[in-house]
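> Using the hints, position chain B against chain A.
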Amino acid sequence: MIRRLVRSLDSRLGLARFVRSAMNHVFPDHWSFMLGEIALYSFVILVITGTFLAMFYNGSSDHVIYHGAYGPLNGVRVSAAFQSILHITFDVRGGLLVRQMHHWAALIFVAAIVTHMARIFFTAAFRRPREINWLIGVTLLLLAIVNGFAGYSIGGDLLSGVGLRVGYSIMLSVPVIGEWLTFLLLGGRVPTSVTVPRLYALHIFVIPAAIAALIALHVSIIWRQMHTNYPGPHRTDRSIVGSRLWPSYAAKSIGLFCLLFAAVAALGGLVQINPLWVYGPYDPTSILPGSQPDWYLGWVEGAMRLFPGLNIRQGFLVPDVFFPAVLLPAFTFGLLYLYPFFDKLIYYDRTGRNRNVLRLPYQQPFNTAFGCAAFVFFLVLLFAGGDDVIAVVMNSRVVDIRTALRILALIAPPLTFAAVYLLCRRARRRNETPPPPPVPESPAVPIEVTREPK
Amino acid sequence: MSDGRERENRPDGHHRTGAGEVKSLFRLAFAFVWETGRAVASALVRGLSGHDHSPPASAAFEAGGRDADRNLAPVRETAAHRRRGVLLVVCALAVAIAAGVGFLFAYWMQGDNPLLGGCLALFLGGIGCSLVLYARWLMLRREAIEPREELPSSEPERAAFAEDFSASVGEIHRRGLLITVALAFTGLVAAIVVSLFRSLGKPPGPELFTYVWKSGQRLMTSEGAAVSVQALQPGSTMIVFPEGSIGDEQAQTVLIRVKEQLLQLPAGRSRWAPMGYVAYSRVCTHAGCPVGMFEATRDLLMCPCHQSTFDVLRGAVPTAGPAARALPQLPLYADADGILRAATGFTEPPGPGFWGMPS
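Protein chains in written order, with the numbering used here: chain A, 1 to 454; chain B, 1 to 359.
Since the hints were derived computationally from the structure, they do not count as laboratory data.
Positions of the beta carbon are idealized from the N, C-alpha and C atoms, including for glycine.
Some clues are possibly wrong.
[Unchecked claim] Covered by chain B, per the in silico footprint, the following chain A stretches (three or more residues, Cβ under 8 Å):
no., segment
1, 34–40
2, 70–80
3, 84–97
4, 157–166
5, 414–424
[To be verified] With beta-carbon atoms standing in for the labels, derived distance ranges:
no., chain 1, residue 1, chain 2, residue 2, range
6, B, Met-139, A, Asn-395, 29 to 39 Å
7, A, Gly-75, B, Thr-186, 48 to 58 Å
8, A, Phe-366, B, Ala-80, 45 to 55 Å
Here chain A stands alone, though its shape is the one from the complex (with noise of 0.2 Å):
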């Protein structure tokens, strides 16, 4: 029966010859291989929790009187996105793990990205041929980031409401065209009734449409450019070696989704995450103290608290907040958008051939330590987006901490460099030892010549 299914299919649609090549793909078996397919498949749990989540959410920011499950805020006035997510909480049978396993996917997803990206970046994948796939690689953690902004701040909670008039001040500070690029995307100065609406159409349609057909052309890309290996025995720029996708390779894959998924059930079922109904509806007037972003946005916070207070004022005004909050971000993804063509700068390679064996951090100390610089100088930020808390954690004031983490923004990026780069050196002095000093095959002077006269 079976057998005759697919032959009708293959009478039908020439499928053999496709599904052969494909089941015998070869797929590399390093581990650092699995980074893009966890952020993969991040990608399919959120689209899978968030069509469950699109069911009960009501996108709007009208306000509305709750009464509902939730005894303590009975009778305040909530929006109604506020009382859609308090329903899918309280009411909706399974809610609230679904609505955790969403948050919870969106912060792997893009922590996934980003440790695929590092992977890429310290064993110079992104080389010829593959720089295309690198510059859809960048922008898809562009587009993860926005989306997953995009998605805490439609809760009509006071956390996001704190988090959307942050935003607001971001894109107003633009110089020339802040203000009309606010009013026109936002709706004018925030809240609008049309900030959740839009904010939530990108967030479920636009955005992941673009992400999807990113995620597509990334995918296509890596099977017709196959996929790059570490060095060793066989591993040459025309060969791959690995294991065929058919059937190891696809169980092992097909399980690594299972335990994604199972990690983050675990994590939606037992550890509480983003607890609106604790914050409380957006309120004006109030404030959460020790309100911070997602993760992914903590550099961001961290950049806006630690730039000190400068302002451009000669009639027009470049407000402080557009230093830190999109000049630096600007620059960050502009030099990530750039890097594999600076890269060509330092490592010049006047063959023009493709690359297919992954050079090992060591091998190419510049691009080691200029990458591990700038991760120091993000993780200071990250922490510094939690300045107040580590002043209340280490008991001492904010003024201090701050201080402190100025000066390690500045200072710990180039120790960082240049520690970094002499560990490289060495590693690689001792690991490539230098090839024999060549025999020449016929001596270039007679040797009689040398001989003392007699």
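Coordinates of chain B only, in the frame set by chain A:
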């Protein structure tokens, strides 16, 4: 995993008693699934590589192909190894089935969130583990080496493409006209799309440039009561709004009473603080958060979002943190009945800065 291995190796065979029947049941169930799966898989393979129209193999597969793969673990492919693999897979599967049934039970009995999440995690984790164990123990571990296809096209292919393309261009007459059509279409579509953005909202409006308070307006509490000069003791603070816009975000103002002799307001503001009452916009000039904290001992207003601090005594100039501009001040006076009123609007539009902000 190691536990299972040890039990299997124990010579006295104690492990067989008790658990033996359950195990044989699992084996039976597993054998059923396994045989069915194998039948499906082999039918698939046979169907796809049927002898009457086997696909022409590509050059790459001629060179290598499945038969050329290197077996990585030939020693482990024994019957005992496979038995152990079956045991591990079945254990994981048993956990998965138990947890899956548990999830269904918890769901229909309105179980709480940790129970649902835990069962779902165990179910999916069990399935995932059994698949991974399957791949590790019950599938041949072989290393494939494939030649890569050269990505750049060969010169003859490129030449053939160039030839075909120029031939196809030759079939078009009046090529300039076609280019004009394409350019006109692209340009106008772009202009129309960009123009449609104008429908998204209003131009940057008066709400950006408003000084909020009007001359003579009374200060009101959030409950709607007028604020008199007796409202506060020195060192205390309250939120006030203009009469008629209570609760408005942009209009929120912090009223603080300080000791009058300590005030060092900027020049020209000496009459703005009757009896030590000073009022500032409560919207931070940095990123628009409410400046919600007041430190009475040092007379500092602090924004909890990014920790900007403003000196209340000196016209709310920023003293630390990322804010660059002072909080706009509201000139106050007390009328004949001792009610606090605004003399004019704020000194500058409140809230975060922007390019065209009036100074």
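> Hint by hint, say whether it matches the structure.
Structure-based check of each hint:
Check result for the segment 34–40 of chain A against chain B: violated, 0 residues qualifying (beta carbon to beta carbon below 8 Å, three or more required). Taking a C-beta to C-beta cut-off of 8 Å, the segment 70–80 of chain A contributes 0 residues in contact with chain B, too few for the three needed, and the coverage statement is violated. As drawn, the segment 84–97 of chain A meets chain B at 4 residues by the rule of a beta-carbon pair under 8 Å; at three or more, the given contact holds. Proximity of the segment 157–166 of chain A to chain B, defined as three or more residues with a beta carbon under 8 Å from a beta carbon of that chain, is established by the 3 residues found.
Only residues whose beta carbon comes within less than 8 Å of a beta carbon in chain B count, and the segment 414–424 of chain A has 0; fewer than three means the coverage is violated. Checked against the given bound of 29 to 39 Å, the beta carbons of Met-139/B and Asn-395/A, roughly 56 Å apart, lie outside it. Here the CB-CB span from Gly-75/A to Thr-186/B is close to 57 Å, well matched to the stated 48 to 58 Å. Phe-366/A and Ala-80/B have their C-beta atoms about 52 Å apart, which keeps the hinted 45 to 55 Å range intact.
This entry does not satisfy hints 1, 2, 5, 6, going by the numbered hints stated previously.
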